[in-house]
Amino acid sequence: MIEVRFHGRGGQGAVTGVRVLATALYFEGKFTQAIPMYGTERRGAPVVAFLRVGDHRINERDLVHEPDIVVVLDPLLGRMVPVTEGLKEGGLVLINHPRSGREAGLGGRFKVATVDATNIALETLGRPITNTAILGAFAKVTGMVSLESLEKAVLKQWPGRIGEMNVRAVRRAYEAATEPVDVSNVEGVKVAPPRSRFERDVSSWRVFRPEIDEEKCIGCRRCYIFCPEVAITMEEKKAKINYKYCKGCGICYEECPVGAVSFTQERL
Amino acid sequence: MKHWEVMVGNKAVAYAAKLARVQFISAFPITPQTTIVQYLADMIAKGELDAEYVTVEGELTAQTAALTAAAAGVRAFTATSGPGLLYMHHPMHATSGARLPVVMAVVHRSVKGMQPDHSDMMAQRDTSWLMLECENSQELLDTGIMAFKIAEDSRVRLPTIFAGDGYILSYTAEPVEVPGQEEVDAFLPPYKTTFPLLPEQAEESRRWLMEQWGVGQDPQLRWKRQQEAMEAAKSVIKEVNEEFGRWFGRSYGNGLVEEYRCEDAEAVIVGMGTIASTARTAIDNLQKQGKRVGLVKLKSFKPFPAEEFQRIGEKVRAIGVIDRNISCGSGGIVFGEIRNSLYDLDERPKTLEFYAGLCGKEVRVEDIERMAEKTLKVARGARVASLVGWV
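Chains A and B supply the protein sequences, listed in that same order. When we follow the numbering used here, the leftmost residue of the first sequence carries the number 1, and every step to the right adds one. When we follow the numbering used here, the leftmost residue of the second sequence carries the number 269, and every step to the right adds one.
Simulated from the structure, these hints should not be mistaken for laboratory data. Being a predicted model, the structure only gives us computed values, none of them experimental. Treat the hints with care, since some could be wrong.
Computed Cβ-Cβ distance ranges for the label pairs, DEER-style [claimed, not checked]:
1) Gln449(B) x Thr264(A): 50 to 60 Å
2) Leu354(B) x Tyr38(A): 34 to 44 Å
3) Lys559(B) x Arg102(A): 22 to 32 Å
To be clear about the criterion: a stretch of chain A counts as covered by chain B if any three or more of its residues have a C-beta under 8 Å from a C-beta of chain B, and this derived list gives those stretches [what the hints assert, rightly or not]:
4) 55-62
5) 259-268
Away from chain B, derived, C-beta distances all over 12 Å, residues of chain A [unchecked claim]:
6) Lys88
7) Gly143
8) Glu211
Ideal Cβ placement from N, Cα and C applies to all residues, glycine included.
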């Protein structure tokens with residue numbers, strides 16, 4: 001039996017991705033279990049899902065604690081969540097990251113493969129929903145599932161145009177995924193989990209970053225009113241963003257009546 | 269034609285209702301049951317299921333509407349979880365009192381939190397409903413179909429719950445075999461009520477119910493008749509389980525309990541629902557080490573298969589019961605039932621009580637191994653500090 005743990009953020013489609021992968025593996029004659037962890041997550045918050053793959057019905061109904069493979073759908077998640085915890089020695093991490101496996105901020109007795117799933121998703125879907133792109137890379141680096149079965153499962157989940165867009169994401173990522181590399185002598189970025197469950201630093205959630213042009217800002221307070229994270233304050237009749245609390249939802253950008261807010265992709 | 273599909277437990281439940289050709293559904297959404305009614309609403313909208321779907325303002329009405337529909341002569345279905353089930357408690361007595369075979373899916377959710385335990389169903393213990401517990405999504409689908417046949421049997425005529433652990437089953441996707449509609453139709457004929465509310469049969473129906481209720485003779489009779497029906501249900505469940513096996517190639521122990529690797533066992537552990545599933549792996553691991561401990565999966569909580577535990581109790585020296593529920597002030601409810609069953613045996617096994625999985629606490633393979641090993645130790649005569657454990 002092979003066990004996989006998926007780390008993502010609410011909105012990246014980790015749960016659906018695991019389900020699609022379970023379906024694709026089932027097409028190849030495997031017995032699968034796709035286990036989501038549901039709580040009161042919101043868009044952007046860290047989420048976990050698990051996959052078990054075996055040749056027979058799987059009886060274990062507990063969670064996966066010692067995965068063979070870890071899949072990370074977000075490049076910065078590893079700073080908040082110990083994504084490689086419990087990973088078997090010699091195991092594999094597949095992470096959504098624009099650079100190589102040795103530069104992805106992870107170190108230990110395992111291998112790391114990368115794929116720039118965010119940009120592939122933005123180019124093929126127009127949204128940073130990274131689940132299907134990461135699955136394409138999963139097929140390539142693990143060899144556990146064929147591209148054909150994966151595409152079939154994607155089209156079963158989303159028949160029609162959406163499915164075809166996602167198939168493009170799968171194919172692009174399959175081509176772009178990097179070979180797993182050894183990172184045993186790499187020092188990983190230190191995990192800084194929130195000090196309490198109520199700490200609200202959400203800066204690592206952003207894919208896009210809003211910036212306010214003070215020259216253009218007319219002080220109408222519209223962004224201040226609509227910001228769901230209360231990340232905007234008014235200082236001398238100008239809106240100001242506190243980036244610690246900004247999760248990059250883009251509502252201020254949408255609401256600004258004079259186009260004073262820009263919204264550009266964060267650089268890693 | 270049967271087919272396989274990777275689906276979540278809630279979809280398996282919806283499939284059971286669809287294949288049983290339910291004619292009436294009334295339910296109120298509550299996590300983690302919600303997607304069952306979403307799937308069913310979708311099936312009705314697409315014309316795959318010919319049923320009346322009634323949206324209601326709460327579970328009390330959902331149950332009342334279902335029982336009324338069943339009385340009118342149609343096959344009725346509802347589903348709920350946790351606090352929703354508590355809100356149904358009052359009309360549930362009316363459904364069993366009127367001897368109406370409503371079938372309900374319970375997706376377990378604790379009554380003291382969002383995550384699963386069996387406290388929601390245990391709070392309905394005395395409502396005269398049959399209660400069948402499932403360990404995986406395939407069993408949910410199969411038990412759902414069997415539940416209608418059991419409930420509608422003229423020897424039973426009692427409403428039936430089939431249940432699975434919320435989250436653990438409701439949202440986990442796995443391959444499930446969906447039987448063909450023709451086979452299910454042959455296995456489960458259409459529902460015919462004993463007392464439809466049609467004018468020409470009203471008098472006959474009224475007389476049957478008055479008889480059942482003991483009106484004008486003995487007011488206790490309604491309870492006595494329900495108890496008799498519960499006792500009769502034991503053999504009906506066994507028959508239906510066996511017949512299901514003949515039709516579909518799958519059955520679940522003898523319908524009441526399933527003994528897993530209990531041959532030559534010195535001790536057994538007892539579990540319900542997904543705990544029984546995980547316990548299979550634990551038992552496999554222990555038997556590999558030569559430890560003779562087996563698993564009894566309790567499938568039918570109501571009627572409680574006391575005779576089965578008497579038979580098992582005569583063979584083993586200790587029984588460890590894993591309860592995913594507690595009646596504070598007394599203890600685990602399954603534990604109480606089992607110890608009660610064993611009392612009259614000449615040589616009783618030791619009984620151990622374990623509380624596990626309450627409020628969704630994870631039950632790992634290692635946890636069950638520890639419980640089984642402790643039970644085995646007691647079977648071999650070891651003295652332990654306590655026969656009760658919180659895992």
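Range hint 34 to 44 Å: satisfied by the CB atoms of leucine 354(B) and tyrosine 38(A)? violated, 21 Å
CB-CB spacing for arginine 102(A) and lysine 559(B) relative to the 22 to 32 Å hint: violated, 46 Å
Once the closest CB in chain B is found, is it more than 12 Å from glutamate 211(A)? holds, 39 Å
Status of the given 50 to 60 Å range, CB of threonine 264(A) versus CB of glutamine 449(B): Since the Cβ atoms of glutamine 449(B) and threonine 264(A) sit about 55 Å apart, the hinted range of 50 to 60 Å holds.
Residues of the stretch 259-268 of chain A with Cβ under 8 Å from chain B, three needed, outcome: violated (count 0)
Could you check that no beta carbon of chain B comes within 12 Å of the beta carbon of lysine 88(A)? holds, 16 Å
Assertion that chain B covers the stretch 55-62 of chain A - criterion: three or more residues, beta-carbon distance below 8 Å: Coverage by chain B holds here, the residue count being 6 at a Cβ distance below 8 Å.
Please settle this one: glycine 143(A) was flagged as non-interface, so is its CB more than 12 Å from every CB on chain B? Since the minimum Cβ distance to chain B is about 21 Å, glycine 143(A) lies beyond 12 Å and the statement holds.
Checked against the numbered hints above, the structure breaks hints 2, 3, 5 and satisfies the rest.
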